[in-house]
Amino acid sequence: MRDLSVLIVGAGPVGLLTTLRLAQADIRVKCVEALAAIDASPRAMAYHPIAVKELDRAGVLDDCRRIGSAGTGLCWRSTRTKEVIAEIDRAPSKEFPYENLTIGQHLLADIVLEHLKGCKNAEVLFNTKVTAVDQSSGDDVVLTVEDSDGQSRQLTATYCVAADGGRSTMRRLLDISFDGFTYEEQLVSTNVYFDFAAHGWKDGNFMVDPDHWALMGRINNEGLWRVSYGEKPGLTDDELKERMPMKYAAMFPGEGKVNGEQRWELQQMSPYRLNQRCASTFKKGQVMLAGDAAHLCNLFGGLGLTGGIMDAAALADSLIVIYESKTSETVLEKYAEVRRQIFVDTVNPTSQANKTRLHDSDPDTIGDPDPFLHMLRQASADEKQVVRSNAVLAVDMTEFFDQVKSDAGQSTSGAEVADQQGIIQGNGLETATVH
Numbered sequence: 001m002r003d004l005s006v007l008i009v010g011a012g013p014v015g016l017l018t019t020l021r022l023a024q025a026d027i028r029v030k031c032v033e034a035l036a037a038i039d040a041s042p043r044a045m046a047y048h049p050i051a052v053k054e055l056d057r058a059g060v061l062d063d064c065r066r067i068g069s070a071g072t073g074l075c076w077r078s079t080r081t082k083e084v085i086a087e088i089d090r091a092p093s094k095e096f097p098y099e100n101l102t103i104g105q106h107l108l109a110d111i112v113l114e115h116l117k118g119c120k121n122a123e124v125l126f127n128t129k130v131t132a133v134d135q136s137s138g139d140d141v142v143l144t145v146e147d148s149d150g151q152s153r154q155l156t157a158t159y160c161v162a163a164d165g166g167r168s169t170m171r172r173l174l175d176i177s178f179d180g181f182t183y184e185e186q187l188v189s190t191n192v193y194f195d196f197a198a199h200g201w202k203d204g205n206f207m208v209d210p211d212h213w214a215l216m217g218r219i220n221n222e223g224l225w226r227v228s229y230g231e232k233p234g235l236t237d238d239e240l241k242e243r244m245p246m247k248y249a250a251m252f253p254g255e256g257k258v259n260g261e262q263r264w265e266l267q268q269m270s271p272y273r274l275n276q277r278c279a280s281t282f283k284k285g286q287v288m289l290a291g292d293a294a295h296l297c298n299l300f301g302g303l304g305l306t307g308g309i310m311d312a313a314a315l316a317d318s319l320i321v322i323y324e325s326k327t328s329e330t331v332l333e334k335y336a337e338v339r340r341q342i343f344v345d346t347v348n349p350t351s352q353a354n355k356t357r358l359h360d361s362d363p364d365t366i367g368d369p370d371p372f373l374h375m376l377r378q379a380s381a382d383e384k385q386v387v388r389s390n391a392v393l394a395v396d397m398t399e400f401f402d403q404v405k406s407d408a409g410q411s412t413s414g415a416e417v418a419d420q421q422g423i424i425q426g427n428g429l430e431t432a433t434v435h
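So that you can map any letter, position 272 of the sequence shown is 272 in full-length UniProt numbering, and since no number is skipped, the others follow by simple counting.
It is worth saying that the hints were derived from the structure and are not from the lab.
Check each hint, because a few of them may be wrong.
Calculated cross-link-like contacts (lysine to aspartate or glutamate; reagent style EDC-like; alpha-carbon spacing at most 16 Å) [as the list claims (entries may be wrong)]:
1) K82 with D364
2) K82 with D211
3) K326 with D63
4) K129 with D149
5) K82 with E95
6) K117 with D63
7) K247 with E185
8) K232 with D360
9) K129 with D147
Ranges of calculated distance between the beta carbons of each label pair, as one might list FRET restraints [what the hints assert, rightly or not]:
10) R153 with L235: 40 to 48 Å
11) N121 with G166: 23 to 31 Å
12) E123 with D238: 35 to 43 Å
13) D39 with D396: 30 to 38 Å
14) A381 with N259: 38 to 46 Å
15) R57 with T131: 29 to 37 Å
16) S328 with D396: 54 to 62 Å
17) P210 with A381: 29 to 37 Å
Remember, predicted model here, so these are calculated numbers, not experimental data.
Ideal Cβ positions, reconstructed from N, Cα and C, are used throughout, including at glycine.
Using the sequences and the accompanying hints, generate a full structural model.
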C-alpha cells in the first residue's frame with residue numbers, strides 16, 4: 001500500500017461519493033465545503049441506470065430507494081394538446097437490472113454524509129472555504145482554507161479532487177478555462193404539489209412547445225413534482241413569479257385547475273441560467289476535476305449529474321488502485337482524457353439536442369423528422385432498454401490499469417480505448433444517449 005491521502009473540495013453528491021468510495025478503501029480522505037450545510041435548493045434529481053449501479057457499488061442504493069422513487073415512464077408531449085408524441089419505459093429489465101431513480105441531489109448528499117459517519121479515516125468540514133492552492137513541492141497539494149471566523153490554516157494531501165460545482169473556486173485558482181456558452185433563455189426550476197398522476201401522466205414528461213417548453217418529473221409519492229420550464233430572458237425574480245400561474249395554466253393538464261379552482265401549490269422556486277461548458281483540462285498537477293467543476297450541461301435529459309457520478313466512480317477506482325500499488329498515477333491522466341472526451345463527444349451534443357427539440361420544433365410534426373423521437377417510435381423493447389441504460393456514459397478504468405502495468409513505451413489514445421469499450425457509438429451517438 002502506498003502512503004496516500006486525498007482532499008476533496010465540495011460536499012455535493014460527486015464530492016461526497018468520491019469521499020465515501022475512498023474511505024471504504026481505507027484511504028485517508030478529507031472533504032471541505034464552503035457552505036454551512038448541504039445545499040437544498042431545487043437542483044438535479046434524475047439518475048440513469050448506469051449511475052444507479054454506482055450508488056449500489058458505494059453501498060447507498062437501499063437508502064436512496066427508501067427515500068426516492070423509481071421512474072416507470074418517460075414521454076414527450078405537445079404542450080398545446082397534452083398528447084404523447086413518443087415514450088419509453090424506464091422500468092428495470094433482466095439485461096439492465098437498475099432502474100431510473102429519482103431523488104433530489106441534496107437528499108443523496110445527506111445519505112452519503114450519513115454513511116461517512118461510520119468511516120474513521122474520513123472527515124467532512126463545512127464552513128471551510130479554499131483560498132489558495134500550492135503544488136510547488138511537486139509531491140503534495142497544499143490548500144489554504146478559511147473557516148467562518150476568518151481563521152486560515154493549511155491542509156496537505158497527495159491528491160486533490162475539485163468537485164466544487166459550476167462556479168468552482170478550485171478551477172479558478174488553478175487557472176483552468178471553462179469554455180462554452182450560456183443560453184439566452186432563463187430556466188425556472190420549481191417544486192410544486194399537483195396531482196399529475198390523476199391525469200394519467202408519466203413520471204417524466206418533456207413538454208414540446210416554442211413558448212411553453214418544460215420538463216415535469218415526479219419527485220416523490222406524496223404529490224411533489226419538479227417543473228422546470230424555459231422563460232424569456234431579462235425578467236426579474238418577481239416578474240418570473242408573477243408569470244408562473246400563466247405558465248402553469250399553459251402546461252398543466254386541465255390548466256392546473258379542478259372545477260375551476262387552482263389545484264397546485266408551490267413549494268420552492270429557483271431561477272437558473274443554463275450553461276454548456278467544459279474545462280480545458282480535467283487534471284492539473286495533482287488536482288483532478290469532477291462533476292460540475294469539470295463540465296456543465298443543461299438539465300434536459302439528466303446527463304449532468306449522471307455524468308458527475310460517473311466521474312466520481314472512475315476517479316475513485318483510479319485512486320484506489322494507485323493506493324493499492326497496482327498501477328501508476330499515469331492512470332489519472334487517462335481519467336482526465338477519457339472523461340473529458342465523453343463529455344465533449346457525447347454529453348455536450350446530446351444535451352443540446354435534448355433542449356433544442358423541446359422548443360425549436362412543431363409539436364404536431366416533430367415525431368417524424370426528429371431522429372431520436374422517430375427512433376423511439378420504431379424501436380423494439382430491447383432497443384429501448386439499450387437507450388435507457390445509458391451505459392455510453394461509463395468507462396471501465398480497469399482497461400487503463402492493465403495498459404499502464406504492461407506499458408512498454410507504447411500508449412493507446414483515449415479516443416482509441418473509448419472506441420474499443422463502446423463509449424463512442426459513432427453515428428448512433430444520440431440514439432444511444434438520452435434522458
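Against the structure, the hints:
Between K82 and D364 the CA atoms are separated by roughly 11 Å; this keeps the pair inside 16 Å, and the hint holds. A threshold of 16 Å between alpha carbons decides the hint, and for K82 with D211 the separation of about 14 Å falls inside it, so the pair holds. The hinted pair formed by K326 and D63 fails the criterion: a straight-line CA distance of about 32 Å is larger than 16 Å. Under the criterion of a C-alpha separation no larger than 16 Å, the hint pairing K129 with D149 is consistent with the structure, at around 11 Å.
At roughly 32 Å between alpha-carbon atoms, K82 and E95 are farther apart than 16 Å, so this suggested pair is violated. Proximity of K117 to D63 is assessed by CA-CA distance (about 15 Å); at most 16 Å being required, the pair is judged to hold. Between the alpha carbons of K247 and E185 the distance comes to roughly 15 Å, so the proposed pair stays at or under 16 Å and holds. Note on K232 and D360: the hinted pairing holds, with a Cα-Cα distance of about 14 Å set against a maximum of 16 Å.
Between K129 and D147, the direct Cα distance comes to roughly 6 Å. Compliance with the 16 Å bound is thereby established for this hinted pair. Between R153 and L235 the Cβ separation comes to about 43 Å, which falls inside the hinted range of 40 to 48 Å. Separation of N121 from G166 is about 30 Å and conforms to the stated range, judged on CB atoms against 23 to 31 Å. Range check, E123 to D238: about 42 Å between beta-carbon atoms, so the 35 to 43 Å window is met.
The hinted range of 30 to 38 Å is satisfied by D39 and D396, whose Cβ atoms lie roughly 31 Å apart. For A381 and N259, the Cβ-Cβ distance of about 40 Å falls inside the hinted range of 38 to 46 Å, so the restraint holds. Judged by the Cβ atoms, the range 29 to 37 Å given for R57 and T131 holds: they are separated by roughly 34 Å. For S328 and D396, the Cβ-Cβ distance of about 18 Å falls outside the hinted range of 54 to 62 Å, so the restraint is violated.
Roughly 32 Å separates the CB atoms of P210 and A381, a value that falls within the hinted 29 to 37 Å.
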